[in-house]
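Colleague: Keeping the supplied structure of chain A fixed, place chains B and C upon it in accordance with the hints.
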Amino acid sequence: MKIQTLAAAAATLAGFAGNAFAQSTVTLFGIVDAGVSQIKNGSESRKLQSVDGLSSSRLGFRGIEDLGGGLSAGFHLEGALVPDTGNPSGYNFQRRSTVSLMHKSVGELRLGRDYVPTFWNLSAFSPFGTNGVGASGLLFYGFGGSSSTAPTIVRSNNSIGYFLPRDLGGVYGQAMVAAAEGAATGKYVGARVGFATGPFDAAVAASEVTNNAAGDKFKSFNAGTSYNFGFLKLMALYSTSKQTTTEQVTWLLGVTAPVGSGEIRAVYMDADRKNSGNDGTLMALGYVHNLSKRTALYGQAGRIKNEGGATFSYGGPTQPAGRPSTAIEAGIRHSF
Amino acid sequence: MKIQTLAAAAATLAGFAGNAFAQSTVTLFGIVDAGVSQIKNGSESRKLQSVDGLSSSRLGFRGIEDLGGGLSAGFHLEGALVPDTGNPSGYNFQRRSTVSLMHKSVGELRLGRDYVPTFWNLSAFSPFGTNGVGASGLLFYGFGGSSSTAPTIVRSNNSIGYFLPRDLGGVYGQAMVAAAEGAATGKYVGARVGFATGPFDAAVAASEVTNNAAGDKFKSFNAGTSYNFGFLKLMALYSTSKQTTTEQVTWLLGVTAPVGSGEIRAVYMDADRKNSGNDGTLMALGYVHNLSKRTALYGQAGRIKNEGGATFSYGGPTQPAGRPSTAIEAGIRHSF
Amino acid sequence: MKIQTLAAAAATLAGFAGNAFAQSTVTLFGIVDAGVSQIKNGSESRKLQSVDGLSSSRLGFRGIEDLGGGLSAGFHLEGALVPDTGNPSGYNFQRRSTVSLMHKSVGELRLGRDYVPTFWNLSAFSPFGTNGVGASGLLFYGFGGSSSTAPTIVRSNNSIGYFLPRDLGGVYGQAMVAAAEGAATGKYVGARVGFATGPFDAAVAASEVTNNAAGDKFKSFNAGTSYNFGFLKLMALYSTSKQTTTEQVTWLLGVTAPVGSGEIRAVYMDADRKNSGNDGTLMALGYVHNLSKRTALYGQAGRIKNEGGATFSYGGPTQPAGRPSTAIEAGIRHSF
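Protein chains in written order, with my numbering: chain A, 10 to 345; chain B, 10 to 345; chain C, 10 to 345.
Hints in this document: simulated from the structure, not taken from any laboratory.
Positions of the beta carbon are idealized from the N, C-alpha and C atoms, including for glycine.
Possibly wrong hints are sitting among the right ones.
Chain B stretches covered by chain A per the calculated footprint, using a threshold of three residues with CB under 8 Å from any CB of chain A [unchecked claim]:
no. : stretch
1   : 55–64
2   : 84–90
3   : 95–107
4   : 119–133
5   : 187–198
6   : 322–328
Bound conformation, chain A alone (with noise of 0.2 Å):
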C-alpha cells in the first residue's frame, strides 16, 4: 500500500520554500508467508506448520521525504512477523529500524538497528536467499550447527551505516560502525563493495566484532557472484568465519531457472569446521509458482549431512550428532 501525501507541503514553514512542492511517500507494506512442512533429525519425525519459506514474514512503515538540491531524509521500520503463533512475545522492529539522510551524489548515511553489510552476500548470491529448506543461513551462519557466532552475523544494534551513491557505473558498497555501549560483544566494524554490469554481479564483504569478554574478535569474510543467461541464474558463494582457533570455510552453487511464470531453484552447500571433523553439506531443490507478483504457491525438500559432531538442522526435533536432517515444505506466500 503506498499513499502519495502532499503533507509536506501543505504543512511548509514559512522559509522553507524549496520545499513547497516536496512530494513525500509513506508506505505501509508486508509479507505473511506460511505452510507445512515435515522434517525428520536423525530417526525422528515432526509436521510442523512452517513460516517464511519463501520469504521472511514481515510488517513495515517506511517513508522518503524529498528535501530539494537532491538531498532527502527517510525511515524505515519493519518487524518479523510469526504466523503459525501471532507474535507471542510481541511484535517490534528488529528487522530494521533506522533514519536516513540521502543527497544524490554523496550518497547516504543511516543510523538505527541495520543488517550488516555482510550479511548482504549470503541473501544475494544464494537461490532461496536465507529463507526455506535451501536457506544459505542453515550452514553459513553458524560453526558446525552450534551457535557460537557473533550477535551481528544479520544484523546491528546502534550502527551508523554509509552507502555509495547510485550511479557508479555499477559500482555499489556500504560500510557499517557499530557501538558495544559498553558491554563486551557487539563492537563491529564491516564494509561491502560489489559490481553489477547486465547479467553479471560479483561482491565481496568483510567484518569483525568483538564477540566475548575476553574481547576476542568475530571475523567475516565472504565473496558472491551470479551470471544470469536468461534461461539461467548461476550462483557461487564463499564464507569463512574464525574467532580464536575456531574457523569455518562454508561455499555454495546454485541456480535458479524460470519456468513459464515460476521458478525452479537448486542448491549444494559446503561447510568445512577447520581441524576438526564437524562439517556438513547441504542440497535443496524448490519450485515456486507465481500466481501473481504479490502471491505464490511454493514447494521444496531439502538434505543435510552431518558429519562428526556437526548438527547442522532444519529445526524441529533435537538433531542429533553426525545425523541427517531432511525437510518438506509446500507454502503459500503473499505480500502488500
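Modeller: Frame of chain A, contents of chains B and C only:
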C-alpha cells in the same frame, strides 16, 4: 480506514495479463473500548477502569488481492489493544495472524493462528457475545470457574482451516486441524456447520484437542440458534466440555431488542459441573446507545451465583468459592 | 500521513441521518530520532548511539469521528520507537492509549493510559522539553537522582481525564483521576490550569498519588511561564515533589532564539533536595537546524553538577555520587 489501491495493476509482472485490472484493498482497522466498572466478589468490592465491555479493543491490518478467475489471496493480522495500560507486554497479532487462498466456488484455505470453529457459536448466539458483564465465556470457557481448560477454547496456533464458499443456499461451515509440533497439548481437530435463512440461524460445532502430558483430550460440543422477530431477537446456546472424568454442561437463553438507535440485551446462563456441586448461574442486563455506526455508549450490570466450590467471577478481587460476583459497568466503544 | 476518509458516510446506518455527511480522519504518524553521543560520568567515558535527542521516537495511530451537533469521538494510540535496538521488548502503546468523547463547548472526556496533568508544564516551559542533554526530566523527575519517584510522573494507567473546551479566552485546563485497582500505588488525582494570550503563557498543576504499601502519597506541584519576544523566548519553571520527609524543589530558567531556519536553546536547572546535601545543577546549550518542517539536524552539550550523594546523570556508565556527568550529542530527527 479502507484504502483502494491499484498496486497490483501498477506493478504487474510481464506474463500476468490476468492481473492487469485486479483491484486490491488494504484496510487498517481497530476498536478502542474503555469504561469504568465496580466489581464485588463475596464481600470485597473494587473500582476499576474496565476495557472491552462492548467489543474487544483491537488494531489490525487486512487485505485481499484479486487473482482473477474467482481466485483471490488475502491476509489478516489483528492484535489486542489494552487501553487501560497501553499493552505493557507488547502489541502482537495473537487475535489472528493468517494468510488465505480463496476461490468463489471452492472455498477458503487459511493458514496461521486463527479462531477455532468451536468458538464461533459462543459468540454468535450470545446477546453480549463474549464481552462485558454478560459474556458467554464467563461460564462457558472453564470448568466450574477453574482454569482447567484447553489452550484452544478461542484460538489455535499452527492451524490449517477450510471454509465453505458463500452462496450455498444458507449453509455455512468450516473445519480446522492444528499441529502440536511436538508439545503435549494443542493438537486440535474441529468443525462447525450452520444454516441461516431470513430471520433464522442455527449452527453446531465440535472439537477435540490433546490437553495434558498423558495425551488426554479436551472435547467440546456446542449448538446455538437465534430467531429475529424484528422487535426482538431470541437466542439459545448449549455446550458440553469434557476431559477424562471432568464434564460441564452450560447453556444460555438470551434476547436483544432494538430501542430507537440503541439496543437492550438480557441473558441467563447456567453451568452445571457434572458429579460435583461446583455450579454457577449468571444474569445480565445491558443497554447500548449508538451515537453512530462506529461509536456507542453502554451501561450494563450482571450477577454470577456460585454453588459449592465454584469460582465463576467477573475478575477484580480474589473470588471466594461459592460466593456471588457482581459487576456494573459503563463505557465508550469507538471503532475505526 | 493524514488520510481523509468518508468511511462513516459510506457505511451510514439507517437512522443516522446526522452522520451522512460526517467526515473522518485516521492518521498514521511518527518520529524517528537517532544520533551519536559521548557521555562522561566522573572519570568514565562512553560512546553511544543516542536516541530521542530532539524528540521522542514514536509510531502512532489516531482518528476523529464527527458525530454532528458539536460532538465527536476519537482515539489515540501511540508507542515509543527505540531505533538503536528496534524495540526488543516489543512495540506497545504505553505513550498513550485513549478513547475520547468531545463536545465543542463542554470539553473532552478521555479514558485510558494518558499523560498526567502535572507532566505538561515540565515539557511546555522547558527549552529542550523533556528530550536531550537539556531535558527537564533529568533533574525534575527524581529525588536527588534516585528513582524514588511515583509511577505517574509522566503518565498514568486507568485514567479518566477531563479537558476544558477551546475558546475560553485563553484559559485552558484539565483534570485526571486514576484507579489503583487494588494495588498499593497509582491512585492518582491531579489538575492543571493555564492562561495563554499572544506572546504570554503560564500554567500551574498539582497532583497526589498513592506511592507505597503504607499508603503514603507522592505530592507534586509545578508552575511555569514563557514570554515570546519574537527574537527570543524566555521560560521559567518551578516544581516541588514531596513524599513523607523527602522533598525536592527544582527550577529552571531557559531561552530559545530563532536563527535563520534554526533555533538556539539554552537552559539552567537547579534541584535542591531538602534536609540533604544531595543537590544538582544542569547547564545545556544546543542548536537545531531545520532542513524542513519534518526533518532537523541537531547538536548539543550539557553538564550536570552533583553535590553530596546526588547522582543526577545522563545515563551511560554508572554515575558516581557527587561527581559530574557531561554529554555531547548530535543527531537527526525525522517525523512523518
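Colleague: Take the hints in turn and mark each one as holding or not.
Modeller: Hint by hint, here is what the structure shows:
1. 55–64: violated (count 0)
2. 84–90: holds (count 3)
3. 95–107: Since 10 is at least three, the answer is holds.
4. 119–133: Three-residue rule met by the stretch 119–133 of chain B, so holds; n is 3.
5. 187–198: Answer holds; 4 residues pass the 8 Å Cβ test.
6. 322–328: Coverage by chain A is violated for the stretch 322–328 of chain B (0 residues, Cβ < 8 Å).
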